[in-house]
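> Here are the chains, one letter per residue:
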Amino acid sequence: MKVKRILAVVKMETTRIFAEPLTLVFTLLLVPVLILIFGLTMGSNYGWHEDYTVFEIMVPGLLAYGCLLTILDVASSVAGGRELGLQRRINTTPLTSAEHIFSQIISYTIKPLLQLLLGLGMALIVGYRPANTAVGYLLVIVFLVILTFCCVGLGLITANFAKSANAASGLAFIFIVPQQIFATFIPPEFMGAGTFKWIFPSFYATDGLGLIFAGTPLTDSRIWIRLGILFAISIVIYVIGIFVYEKNKNK
Amino acid sequence: MKNNDRIKKKDISNSGMIHNLVNSNAIEVKDLKKYFAEKKKMDDVKAVDGISFHVKNGEIFGLLGPNGAGKTTTINILTGMHSPTEGTAVVGGYNVKTNLKRIKEIISVCPQEPAVIKFLSGLGNIKFFGKLYLMSKEQITERSEKLLKLLGLYDARKRLAKSYSGGMLRQLSLIISLISEPDILFLDEPTVGMDPRNRRKVWEFLGSIKQQKRTIILTTHYIEEAEELCDRVAIIDYGKLIAIGPPKKLIEEHEVKNLEEVFMKITGRRILEGM
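So the sequence lines, in the order shown, correspond to chains A and B. Heads up: the first sequence begins at 0 in numbering that gives the first Met the number 0, then just goes up one per residue. Heads up: the second sequence begins at 0 in numbering that gives the first Met the number 0, then just goes up one per residue.
These are calculated hints, taken from the structure and not from any lab test. Only true hints are included.
Each computed SDA-like pair below joins lysine to any residue, with the alpha-carbon atoms no more than 25 Å apart: (1) B:K161 x A:T22; (2) A:K3 x B:I105; (3) A:K250 x B:E104; (4) A:K248 x A:I89; (5) B:K161 x A:N165.
Only chain B is shown next, with the shape it has when bound in the complex (with noise of 0.2 Å):
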């Protein structure tokens, strides 16, 4: 890695704070904005407007709201997938306009959908995604097992995947994002569509990772998942960031039992109506 490549301290201030990059945020975003062009319609949609949050090294860090709130998007351009229309975005202490070959050598990504390789299995998929990150045989065998056998998916490993459940699948999907041993994680949506007990034992194996301080970036709409989860939570809503902070305090702050009244509380709705 070369750091001198990296954004060096004070090249971004947030709401007039000056952020050690390299030591202390994973991640910056500054007034960044996305707008899609739609046929038919005079205006832009604004999947993303005017948002600014910083997260820190070794957080997990959730982005919460409905269906269409802006997540995806975020992620989206934060792994390179989208340029943003406007605004700065920092990731690792590069700026995804001009340096994402680097981000891509330090992050990895589970997608919402389970995004695997039909015809490969289990093992040989996770294989595949080690050796695009240059691992050794002997790092992809030693950490591949490992993680195998936490989820579950071991006895498993020889089969095709296309002879997975949806459940198994998500899970591999989830050992594929971490084989690389990434600096930072996005899950987008990594429990969608899992069965409860699938699902307590990602959330399990995702609180083991904490131990790690690998910083972790998940959206969300489970409300349950981001307040057993995430150190700090942002919600977003039409593209706008309404709350920002430790799921605890934001209860508090608004008075409320959990994070679904805190977004009902400020939009006036509930984040599953979105769904």
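Bound conformation, chain A alone (with noise of 0.2 Å):
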């Protein structure tokens, strides 16, 4: 792997997220927003669940839904690139897939760590205090870094079945909206499905940001066994995408 290669590809990955302005700023205030309006109204209440306020719920998913949007970018850059034909231009030059794809990966990372900063930054301001120490927020970041390194899997298999930008992003929905039903700020069990959430990668990374922002030591085996599920699941994820990516990627 070249370094020169990788960084010109995080370069124009990144120009790519910032050349629509609108959609950037929209994209990344949309964790936030939710913050602000879920906090303001309900905050402190344990109106979702027994043991847990609606911030110790809302805030670790609302985190791991940002980085869920990664699946649309990388889909509809994959699709889009191909339906213009720029796919197939980059395949005849020297750089190889595991660059492209590591490179998209490093790329798509900024976004979801930006929500990361604005999303907990809003949390505290409306009142959210987590108990986590600064070990922990490192934790968190992995955290995130690993379901964003699974969405971009997820992403490449979306773009699989998309002939076009607007296609994938349509269908990046199907992997986007159960996670965020099921997995991540509303509670599994409110909506019935207590035992289908542990299908779901976004899960993982939602319940160990709760434990780590509960202030559980970083020792306890539970964040730790969330973390490696979260990390071999997406390591299964984005074996299958660079698969499906290399099968069609000549398309």
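Join these two chains into a complex; the hints should help.
Printed below as a string of structure tokens:
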């Protein structure tokens, strides 16, 4: 893997993300605005779950939800590149698939991290007080990066079935909506999906983040089990994503 | 470049001849076939059906034929976009089946559609592709300035590509394919959709590249383009090679006025009928 090539693609993809400021602002503000609304209306209530306040469920869930939007970004980028013939052109250069996809992971991690910053900032403003340490925040970042990695894989899978960027944007919601409803900021039990939640990667990120924000000692095995499972699922999804990408990259 | 990776002399014979791949031929194609399975049809579509030819180093070689003749599929195989169903294709001494990575370092492709990144400027596009070939900043700057001036895009270099006209996008696409100074350049219908003035400009430009002894494989269905630029042409129809040689020689051999008539004499129809 050549760093120069990776940086070139990261720069190009980042420019793409920032090329449409309105879309960027909308996606970046989505999480903080939801936190603002939920936080101001029922932040400290126990309305959703007998053991957790709305804040404790909502903040980790919304941060994970922010990552899920990566599926949409990757799917529309790959399908759009293919639609314009750009993907084929890039495939005739020495850029390898590994370099290309690794660059995408880096590029698409930027947005969830900005969402983390803005979302957490907003949560603190509206009264949320997480009990974690500075190291805990690092672990939060690790969780979100791994979830983003997983979402890049899901984005690649989605792009496989889409003939255009627009179609990819629509199809991406097949992966986004169930995870959003059953395994992010709405308690799965609340949705009657208590056992169903285990199949969604976002559940492990949401739950892991919830434990960290609740001040659970970082040595607690529950955090690491969730991180381990999330990582394992992400690897599987990523490998499938690479496989379908390789199969269809010259379409 | 690891020359020892390249296929050695005598590895491939074409019509009984033995070519020194490293020294004389940029491309060797032997009995190349590409069949596509078509849904709802029993038989495969024979996009390329057993063609053999070679391209000498420094030659401008034209692949001529109507739409759907198999020109683009041939290029796609030579550039690694498709794997051949059967046969051998060697580019720059490297086999497309086994050494694609090396091939990608020495070739460049200007595709049929002007595949550029619309949200980057013209210069941004050139820089991006230059970096994929690991070119230094200085190399990219020097080479891009030269190419942009030659093709008349210098003043528009900082504009976003999405604001370019169709002709400008094609010119930018051509510049992108030349930024890495490839040994072998594939041009797939490079002037399609261009107005006559810009087409002439591109022809002059390609003529100047010819002086640099760069190998160019050009697909086109513009007869005058092939006649003006190509040292040799291969005429393809229904995936088969039906004639090959220098344009003048083919015209003389068939006792006609131009390549279009050569095609018509062999196939009984016009090249442009397929469009």
